[in-house]
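Protein chains in written order, with this note's numbering: chain A, 92 to 253; chain B, 1355 to 1685.
I should point out that these hints are in silico values taken from the structure, not numbers from a laboratory.
Accuracy of the hints is not assured; some may be wrong.
[To be verified] Computed Cβ-Cβ distance ranges for the label pairs, DEER-style: (1) B:1642 <-> A:226: 28 to 34 Å; (2) B:1643 <-> A:232: 27 to 33 Å; (3) A:226 <-> B:1594: 52 to 58 Å; (4) A:226 <-> B:1416: 39 to 45 Å; (5) A:108 <-> B:1653: 20 to 26 Å.
Glycine residues also receive a C-beta, built at the ideal position from the N, C-alpha and C atoms.
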Amino acid sequence: MRGNASEPSKRQYGAVRYVYLLTIIFLTLTGFGQMPVFKRYYIADIPGLGWLAQFYVTHYIHYLAAILFLALFTYVIVDYLVSNPKRKKITIAGYVRGAILAGLVISGVFLVVRNLKGSMFSPEFIIFLDLFHMGLVITFLTASLYCIITKQKWAKDLNLDQ
Amino acid sequence: MGQEISRRTFLRGGMAAAAGLAASSIPGAAAAARAEEKNQLATLFDIRKCIGCEACVEACSETNADQYPNPQKPFPKMYPNRVPVEDWSEKQDVTDRLTPYNWLFIQHATVNINGEETELTIPRRCMHCVNPPCVKLCPWGAARQLENGISRIDSDLCLGGSKCRKVCPWHIPQRQTGTGLYLDVLPSLAGNGVMYKCDRCYNRIAEGELPACIEACPEDVQTIGPRDEIIKKAHALAKEINGYIYGEKENGGTNTIYVSPVPFEELNKAIEKGKGKPHLKPVKDTMAQANNLATAMILAPVAGIAAAAGKFYKLTKSSQQGAGQNERERI
Ligand code: HEM
Ligand code: SF4
Ligand code: SF4
Ligand code: SF4
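The shape of chain B in the complex, shown without the other chains:
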């Protein structure tokens, strides 16, 4: 199949996304609740093709090294004592999990395909959810989503409370203590560094370039393009190979679509999971539960008005019938 989206069409998408970005900087309600899913860019991972060479992992590190943390030591003492120090600065070479210095890693799964034991390798990084809880639930907007669907954490604003990691269904963002804005505020009492994760090379995309990991891959494992096209492609591929899809529906939809020859249930059992090593389980739409209350929120004032009107009606009626001396009647 190969890279079906040519660089030219991709560039065009990039320009459109950049224009959209400029438009989104107009503050206010005007830029409000439009369904922006159509503008989002997604990537397709054809898991069969990956040979686990880690060229993507290296490319990611090379490209993003200038964004990696440079913590000051010794770290300020944090209170209370239970606050964990997370320091990866001495372990920058770790590549078998996500860390602040490694935003992409390769997961290994030994599975059975047609009676044959096969090792599959799966590149893992942030899924870039369509409605990302890491962004939406960040208490003060340090995490942001771009119009093209990229979610990223602004390392100048992040305080390192790690709420994004907790609310992320895959616990993707990783913390480095001793860096960022919290050092300038109350380092011993609030904050704990900065959270890092894949930003899908937003700056490269803004210039019409491909993300580094896509460009470096010798096997063309990834394809990038508008979400609807990528979904179509994923379905076509899944049909062709009798395969399975992950990421289309998970967490209400993501912009990272994996296609695998074996069910993800099996892959999930076969991979090593844990801190910095995300699972491949089904994920329900985490933001949907509260968002479903939005309708009730619109109706609440109506209920309030109805209750007040009901009371007014009752009062008027009883005063018409009885006492009569209510001054409202004199009006």
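For reference, chain A alone in the conformation it holds in the complex:
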């Protein structure tokens, strides 16, 4: 009934979901690729997956996917803030996953800064960042799996006609 205006928005969120899934999958794969596990456990031997054991390749793709993810993440947040608060309500499952992702983005950006030439974090802080980023990845994947199984959505439509 909201007619024309809601149609392109629906299609757009289809694209958002697609890019979201794609970036998360690549971030997870290339993130775990930072640890020397894919070669040891034969995963890099599967035809087409050899790149997962090349550290500079996974490092670079993690960056590319992070850039895409950051653009998407800000787009969804800003889009929600400027146009949707009256039409959609973020669920608890949405807030939880959003908060974990925000933590991943922040720790991830700190790790990017660490990698720059001339950056000098203390070794203790670097260990903290690595463990924190890693811990959030595990938490996020667990939470996502739980939400998929229990069919929890990110947001609920509010009925506008009331």
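Following the hints, position chain B with the ligands against chain A.
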């Protein structure tokens, strides 16, 4: 030329570096991306002077023996079977390559200088890169870089996955199986020992002493000092002898600068290369490729905001023109 930096000035540098170290232990962003290159100490190797006596190699071993691995045997069985056992504990005397028990070795190159066949000897160890991939890409911070440019691997934290060796353009760090933290976690499923390499005698430097190999050398082959001064010195020396420089630009810059009377291309051909025997090839800046994406990462949120704003603008416009019943208008 001799040791141009007196022990006193060196000591002062050491104190400054130690103070810097204390400051760096404040965790958090405050100590962030400052250009720290100026604080880094570099060493200059005048290859002409080296006589290949291996006094440095011996001194390194003597000084660092207490840091050498002491693996437990039998080693825990590792799965899957392809995981290689690297055991140097029975070959601790090997000095013709890098091993966990030998962090410095002498490379030999027979080259032609002015029509005369000459044998050059080149001390080789970790280059202590300005932006070391072995440190930056260590998945959990077991490798670390000190403010004075030294990179070292913490043998209490290293799990021996050998990623540092893979990402190092010279494949410097060497593994010993059967020692370190992995034994306390899941030794059969993850980890494989500890990686070892030159730590440029960080503990001696912290106390204002010279690295053992520098002190022991009878020919004063090495000079140590702040990076910019060492670079200047290297250029002056190269000019004086019509020579060549290696390590200033390699991998985006290292803190080990070699000056040679013959091109490094020739040296690289003449030396024996292979496992534990690093090359002398040109090396591009390995960390730069991804680091160049950092600007795009700053711009990404801007793009996201712009896209959302664009959509909002379009929606507002179309609702103003048409349907009109969008509740946004009622606000
Ligand atoms: C904007 C977001 C992100 C940025 C900027 C980022 C950046 C980084 C960086 C710099 C590293 C260290 C390894 C390297 O230098 O390549 C890393 C590691 C890792 N990332 Fe991300 N990351 C982000 C989001 C994510 C997300 C969403 C996931 C998965 C859901 C993820 C999974 C991992 C994993 C598993 C590691 C390896 C473990 C570790 O080193 O802590 N990252 N990330
Ligand atoms: S001690 Fe000096 S002269 Fe002897 S091998 Fe080492 S660097 Fe060369
Ligand atoms: S030479 Fe290799 S081991 Fe040494 S600092 Fe550079 S990357 Fe690390
Ligand atoms: S600086 Fe110290 S650890 Fe490095 S090669 Fe020289 S003596 Fe060995």
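Against the structure, the hints come out as follows:
The hinted window of 28 to 34 Å between residue 1642 of chain B and residue 226 of chain A holds, with their beta carbons roughly 30 Å apart. Distance hint for residue 1643 of chain B and residue 232 of chain A: a CB-CB separation of about 28 Å, consistent with the stated range 27 to 33 Å. Distance hint for residue 226 of chain A and residue 1594 of chain B: a CB-CB separation of about 56 Å, consistent with the stated range 52 to 58 Å. The hinted window of 39 to 45 Å between residue 226 of chain A and residue 1416 of chain B holds, with their beta carbons roughly 42 Å apart.
Checking the proposed 20 to 26 Å range against residue 108 of chain A and residue 1653 of chain B shows it holds: the Cβ atoms sit about 24 Å from each other.
Of the numbered hints given earlier, the model fails none.
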